[in-house]
Amino acid sequence: MKHDDCSRFADTLLNDNGSGLPPECRQHLETCEHCRQIHALDRKLEETLATALRPEPVSDHLLTMLEKNLESDRGRRGRIPVRPWFLVPVVALLGILLLLFLLPAQRQGLHSLDEIGRLAFADHHNIQATDFIPGTAGELSARLSRRLGFRVQVPAMLDRGYHLIGGRLCVLGRCNVAWLLYGHGTDRVSLFIINARDLTFPLSQPRKYILQYSANTVKIWKENDQVFALVD
Amino acid sequence: MFAFRKKNKKQLFRDLAFVHVPFLYNMALKYSGNRYDAEDMVQETMLIAFEKFHQLRDQDKCRSWLFSILRNTFFKERKRAARAPLPFDNDHYLAMLDAMAGEEEISRRFEEKELATEVHRALDELPEQYRTVLLLYYMEEMRYREIADLLDTPIGTVMSRLNRGRAHLKRIMLEYLNRDRNDGKIVHLSEKRLHRSPSPSVQEVKS
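In order, the protein sequences belong to chains A and B. Numbered by the working numbering, the letters in the first sequence go through residues 1 to 232 in order. Numbered by the working numbering, the letters in the second sequence go through residues 1 to 207 in order.
These aren't lab readings, by the way, just hints derived from the structure by calculation. Treat the hints with care, as some may be off.
[As the list claims (entries may be wrong)] The calculated DSSO-like cross-link candidates involving lysine-lysine, where the alpha carbons are at most 27 Å apart (straight line), are:
1. A:Lys219 with A:Lys208
2. B:Lys61 with B:Lys10
3. B:Lys52 with B:Lys10
4. B:Lys9 with B:Lys52
5. B:Lys10 with A:Lys222
6. A:Lys219 with B:Lys61
7. B:Lys9 with A:Lys44
8. A:Lys44 with B:Lys10
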């Protein structure tokens, strides 16, 4: 026989997971035959479900295969595993090697006549803000040779009407060179002396190359182990 | 040094992942329906997991992580089907219970029928989201909270899916138990008629 309040307990009965029903619901079950039967049938279905879905033991074959796969470290479908953490040091190392091989050439070399001309022209325009060490050709040759590590022969250029004002070290691009300043009246002429080994391109001797930058010309020529760049 | 790390990695993987093989296998078995496919799925899962082992940040979540790989492997081609909603038929189930409760014939049929096969068949037809929750609940005996954590799903969603999935399965089982004894046809009971009378009655027969 059904009671009026059976519907109140319907959800509770259907959600019984075996851990026990609330006292109120248990009390109702004791007095309601119909709900007791519903509950019993639901529990029976629940048990059947649990039994049907019972887990199965894993076969030894599968465990053996898994162990074998792990031991052989077999990549999936023969693919070489790529791991980001592994790539970082490899890429960094390659980068360092590239820098080691490429940077020295970039740092020490002068790569074209135009590069020498542009740099010499730019420096010449800064002579007002630059200090030069006074001295004779011999004194400056000795001093600059000692500092630069190659033999610097400072030409007197008296035959061309120029007197030597002074000299100093400077950097053309990334090369250390000698910079000499000559005067002729109010005119100033810069002579840059470069170690021929710092050039990364061939320069014929005794040809002279003349480059024009605005009102200035830059003459470049080679004599033995030295390359001269004269800006006037 | 690399060899040492590799050995350590293997050992760590063995310690963390292998303990979950029975769980993975049983889930795979229920998803695929046969042992061969299930073993393949587990092997594939473990290979992927070993490859991506460095991605496992929290070792306590190894089981959840492995399970997500297994599911992705198996369901990546079935995502649309997996998202299909399941009609809520708790009321229908209750109506059937109401009608069939106390019937001795039904109790007897529990013993006669191969219900396990029917359960598996019904389970196969369920959308993945319901199937997974049911399997975790019944097969792995996990609680709502554990299921929610494993699937990274709100607990309310887990409860809802479990209720709907369970009601659906039980309704299928009842229909199977109520199969017409003479010609083996499945009997579908009308809700309205059931509410009027607690005794089971045949309303419509589908072949």
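Practice task
Enumerate the violated hints, using their earlier numbering and listing them in ascending order.
Solution key: 5, 6, 7 and 8
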